[in-house]
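Enquirer: Sequence:
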Amino acid sequence: MALNNAKAKKPLLSSALSTTLFFIVLFTIPTLFLLHSPTISICTTTTSSSHEPKPWSGDLRDTEFSWNHFKFSDKTPPTKALRVAVFSRKWPTTAAPGGMERHAHTLHMALARRGHRVHVFTSPPMSKQVTTTWRGEHASAPVIHWHQGEPGRWRYNKAWEEFQEENKKEAFDVVHTESVALPHHLAHNVSNLVVSWHGIALESAHSLIYQDLTRNPNTPMSPSFNKSLQEIIPKVLNEIRFFKSYAQHVAISDSCGVLVRDVYQIPKKRVHVIVNGVNEDDFREDPTLGREFRSKIGVPSDCHSCLVFGVAGRLVKDKGHPLLHKAFSMLIQNHRHVYLVVVGSGPWQERYIGSSSSRVIVLGSMGAPEMKAFYNGIDVLGWFMDPNLALLLP
92 MALNNAKAKK
102 PLLSSALSTT
112 LFFIVLFTIP
122 TLFLLHSPTI
132 SICTTTTSSS
142 HEPKPWSGDL
152 RDTEFSWNHF
162 KFSDKTPPTK
172 ALRVAVFSRK
182 WPTTAAPGGM
192 ERHAHTLHMA
202 LARRGHRVHV
212 FTSPPMSKQV
222 TTTWRGEHAS
232 APVIHWHQGE
242 PGRWRYNKAW
252 EEFQEENKKE
262 AFDVVHTESV
272 ALPHHLAHNV
282 SNLVVSWHGI
292 ALESAHSLIY
302 QDLTRNPNTP
312 MSPSFNKSLQ
322 EIIPKVLNEI
332 RFFKSYAQHV
342 AISDSCGVLV
352 RDVYQIPKKR
362 VHVIVNGVNE
372 DDFREDPTLG
382 REFRSKIGVP
392 SDCHSCLVFG
402 VAGRLVKDKG
412 HPLLHKAFSM
422 LIQNHRHVYL
432 VVVGSGPWQE
442 RYIGSSSSRV
452 IVLGSMGAPE
462 MKAFYNGIDV
472 LGWFMDPNLA
482 LLLP
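FYI, in the working numbering the residues of the sequence shown are 92 to 485.
Hints were generated in silico from the structure; no laboratory data involved.
This structure is a prediction, so every number in the text was calculated from the model and none was measured.
Any given hint might turn out to be false.
Derived pair list, reagent style SDA-like, types lysine to any residue, alpha-carbon separation capped at 25 Å [unchecked claim]:
{"#": "1", "residue 1": "K260", "residue 2": "K145"}
{"#": "2", "residue 1": "K171", "residue 2": "N159"}
{"#": "3", "residue 1": "K259", "residue 2": "A278"}
{"#": "4", "residue 1": "K463", "residue 2": "E192"}
{"#": "5", "residue 1": "K171", "residue 2": "G206"}
{"#": "6", "residue 1": "K387", "residue 2": "P460"}
{"#": "7", "residue 1": "K359", "residue 2": "K166"}
{"#": "8", "residue 1": "K166", "residue 2": "S231"}
{"#": "9", "residue 1": "K145", "residue 2": "D165"}
{"#": "10", "residue 1": "K417", "residue 2": "S449"}
{"#": "11", "residue 1": "K408", "residue 2": "I452"}
{"#": "12", "residue 1": "K249", "residue 2": "L198"}
{"#": "13", "residue 1": "K359", "residue 2": "G290"}
Cβ pair distances, simulated, as ranges [unchecked claim]:
{"#": "14", "residue 1": "D150", "residue 2": "I324", "range": "34 to 40 Å"}
{"#": "15", "residue 1": "R246", "residue 2": "I324", "range": "26 to 32 Å"}
{"#": "16", "residue 1": "S447", "residue 2": "V265", "range": "29 to 35 Å"}
{"#": "17", "residue 1": "M457", "residue 2": "M312", "range": "55 to 61 Å"}
{"#": "18", "residue 1": "P311", "residue 2": "S282", "range": "47 to 53 Å"}
{"#": "19", "residue 1": "P311", "residue 2": "E241", "range": "38 to 44 Å"}
{"#": "20", "residue 1": "H395", "residue 2": "P358", "range": "54 to 60 Å"}
Backbone N, C-alpha and C fix where the C-beta goes; we use that ideal spot for every residue, glycine too.
When you get a sec, could you build the whole thing from the sequences and use the hints?
Expert: What follows is the structure, given as structure tokens:
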């Protein structure tokens, strides 16, 4: 009887062990890749006994490493104040997530504070404004040109008309478009244009492949997944054809830069890698704030074995939320002290809200102060839940 009982419990133990190992692999291996990935040394020592780096010199167009390795001083004023035009589908006015728009806002607010003259061409805001242009609270803030039309709806032809009018007054030194906000048939004739790629179709194809590899071989492929797989290939081919219309390209990851250069065949002097960074003034370690956050969301203060996972951003399929939802649903069946905190909005928000577990906590969109508390309060950040693991590999 004892042997029979032992055999009866074995599948349950095996299931729990498999679930635990699955989560360990899911959240740990990408981190190990990051920790052990080789860094490219930009600076060299002046002598064998000196640790002072030499200033880098050369043609920036020849660099294939991330520009984040360079050190820039905020105290050194720019040698020239540039007149910059920006095409962005939306301009952030709320805490709603949106990587491209947040990237444009952070970047060009910083450039404006440095003395550059920034003009943003974007869609009308959801909140009513008195005028079609807006400078902000400070003289150094960007000038926002909201084109006419429906709030929140991007009309590139309207924005292009306003850009042309402004460009006639005084030519822009640099034109920046967030992804295809400025379409390729217009970008083709703009020689001083740079485009930022926050994701390309080939990366989406990789994501679909990785997601399908998690499927049980005995489970048939869903019709919706099969449709997505069939639709992505023409998109990749289309991108390969029109990417050459953009003069300069900025990729936000090393892997994206490699794909644009090697697969999309854009000359290396026209492809640059600038990885998204973190504002260390706003986001820094604060244990007290973290404890307050955990208490607020209901994590027992005396639970030293509790593990809080967190994920933030757009809650969409491409970010790997089907995988996370499935994995965490398995994990909480056998582990009582794990929590998942979900920040952001999107189609998968309702899936998380509909979870039967009180340990899945959905907070919606949050501003910077709340996000600071969120990052300090969680134990594991699931930003690498995107199944496109190529973004994380060296």
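Enquirer: For the pair we were handed, K359 and K166, check the Cα-Cα distance against 25 Å.
Expert: This hinted pair is violated, its Cα atoms lying about 31 Å apart.
Enquirer: Go ahead and decide if the range 54 to 60 Å is satisfied by the Cβ distance of H395 to P358.
Expert: Between H395 and P358, where Cβ atoms are some 55 Å apart, the hint holds.
Enquirer: Would you check the hint for K387 and P460, treating anything up to 25 Å between C-alpha atoms as holding?
Expert: holds (15 Å)
Enquirer: Is the Cα-Cα distance between K145 and D165 25 Å or less?
Expert: holds (19 Å)
Enquirer: Does the alpha-carbon distance linking K171 and G206 stay inside the 25 Å limit?
Expert: Status holds; Cα separation ~9 Å.
Enquirer: Between P311 and E241, is the Cβ distance one that fits in 38 to 44 Å?
Expert: holds (42 Å)
Enquirer: Is the gap between the beta carbons of S447 and V265 within 29 to 35 Å?
Expert: Given about 52 Å between the Cβ atoms, the range is violated.
Enquirer: Can you tell me whether the CB distance of R246 to I324 sits inside 26 to 32 Å?
Expert: holds (29 Å)
Enquirer: K249 and L198: Cα distance at most 25 Å?
Expert: holds (24 Å)
Enquirer: Honestly, do D150 and I324 meet the 34 to 40 Å range at C-beta?
Expert: Cβ of D150 to Cβ of I324: about 36 Å, so the range 34 to 40 Å holds.
Enquirer: A range of 55 to 61 Å was offered for this pair. Does it hold for the Cβ distance of M457 and M312?
Expert: violated (36 Å)
Enquirer: Does the hinted range 47 to 53 Å hold for P311 and S282 at CB?
Expert: Because 51 Å falls inside the window, the suggested range holds.
Checked against the numbered hints listed earlier, the structure breaks hints 1, 7, 16, 17; every other hint is satisfied.
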